[in-house]
Amino acid sequence: MDEPQVCAACGQPAAFAQDELPLCPACLQAMIDRPLPRWLYVTAAIIGLIVLLALLKFPASLGAEIAFERGKRAEAARNYPLAEQQYAIVVKRFPSSTLALARLGIASYRAGDIVMTIDCYDKLRGRESSDKVIIEFNAMMSELEQKLEQQQVHGGQEL
Amino acid sequence: MIPGFLIAIVTFPGVIVHELGHFVFCKLFKLPVFDVCFFRVGNPSGYVIHGATKNAGQHMLITFGPFIVNTLLGAVIAAPAVIPVMQFDGGGLLDYFLIWLGVSIAMHAFPSTGDAASLWQGLWHGQTSIPVKIVAVPLVGLIYLGALGSVVWLDLLYGIGVAWLFPKMLVALLA
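The listed protein sequences derive, respectively, from chains A and B.
For the first sequence, counting from 1, position 41 maps to 41 in our numbering; every step adds exactly one.
For the second sequence, counting from 1, position 122 maps to 122 in our numbering; every step adds exactly one.
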């Protein structure tokens, strides 16, 4: 005759067998209702708070990235005034970003806004970088210097 | 080669969320959870031992629950920090913390070989229809491939990819 099965958790007579593990109704229900440990709630609450703080500043960062993308598209379409406008939004959010300053400097030069170009140059001066954008910026600055020299030689024509 | 337990320690939030993914789906299907370990220093670094599922569909969702939960949560956590750090060199301490947290969580999205073994066993145990088997067998193969890929840091690449691509996708949609 078979031995009556007892609950693997509490030793009471078992009524169910889950995966060959005999359980009484109370223990089975307790395992179905097993709560999450309290430390997990506390940790989740702390991380949730940090994430909430980060999410608060996400729209500004996302807005800057969207403006950067629009600036690149405007540059590709040779719409330099619009590109300058978009890159200025990025620089407002990330004032020390080499990439944003260099792109703003290049777009403003192409748009004819030399004051902005010089302002970007002043902010970028002395930074060490081998980025493609810096090489492009330096080439643009050489072009600007040549134009300024020519302007001096020819007696102050408009650039 | 870095031992797996060290990677698990450094990326422990991912292990906790992975097990939480299994646990949440067990709760959804009202399955008994015999034992659960959200994190430990050992192999495996976490586990959920649950009762038999009612069908293979439930088993697949429990197996792939962490893939959904870890991927979404990792992407949302890392997204606010990725743009300042990776694009505009303007990240602070909080941004680096969020990237570590997001990447750690996303890189533990892949089901483990233990999950694959459990799914495989479930497929041939009881009445599983042929169409479900046709879908599930390649998925089990994919899980094993993913586990093999972790040798060449596929899990870390996936974590970084999720963190990087989510804001990029948002920008592509909105710009």
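The hints are simulated quantities; they were obtained by calculation from the structure and are not laboratory data.
Hints may be right or wrong, so weigh each one.
[Unchecked claim] To give an idea of the interface, some chain B residues facing chain A are shown, with a C-beta separation under 8 Å as derived from the structure:
| hint | residue |
| --- | --- |
| 1 | L6 |
| 2 | K30 |
| 3 | F34 |
| 4 | P80 |
| 5 | L94 |
| 6 | P167 |
| 7 | L174 |
Here the structure is a predicted model, which is why all the values come from computation and not from measurement.
By construction, the Cβ of each residue, glycine as well, lies at the ideal position given by its N, Cα and C atoms.
**Message:** Can you verify the interface hint for F34 (chain B): is its Cβ closer than 8 Å to any Cβ in chain A?
**Reply:** holds (6 Å)
**Message:** A closest beta-carbon separation below 8 Å is what the hint needs, so does L94 (chain B) meet it against chain A?
**Reply:** Hint holds; L94 (chain B) Cβ to chain A Cβ min 6 Å, cut 8 Å.
**Asked** Was the hint right that P80 (chain B) lines chain A, CB cutoff 8 Å?
**Response** P80 (chain B) check passes; min Cβ-Cβ to chain A is 4 Å, inside 8 Å.
**Request:** Using Cβ atoms only, decide whether L174 (chain B) comes closer than 8 Å to chain A, and label the hint accordingly.
**Result:** holds (5 Å)
**Request:** Under 8 Å, Cβ to Cβ, is where P167 (chain B) needs to be relative to chain A, so tell me if that hint holds or is violated.
**Result:** Hint on P167 (chain B): holds, closest Cβ of chain A at ~7 Å, below 8 Å.
**Request:** Double-check K30 (chain B) for me: the hint is only fine if its C-beta lies closer than 8 Å to a C-beta in chain A.
**Result:** This interface hint holds because 6 Å falls under the 8 Å limit.
**Request:** Would you settle whether the hint for L6 (chain B) is holds or violated, based on the nearest Cβ-Cβ distance to chain A being less than 8 Å?
**Result:** violated (21 Å)
In summary, the one numbered hint that this structure violates is 1.
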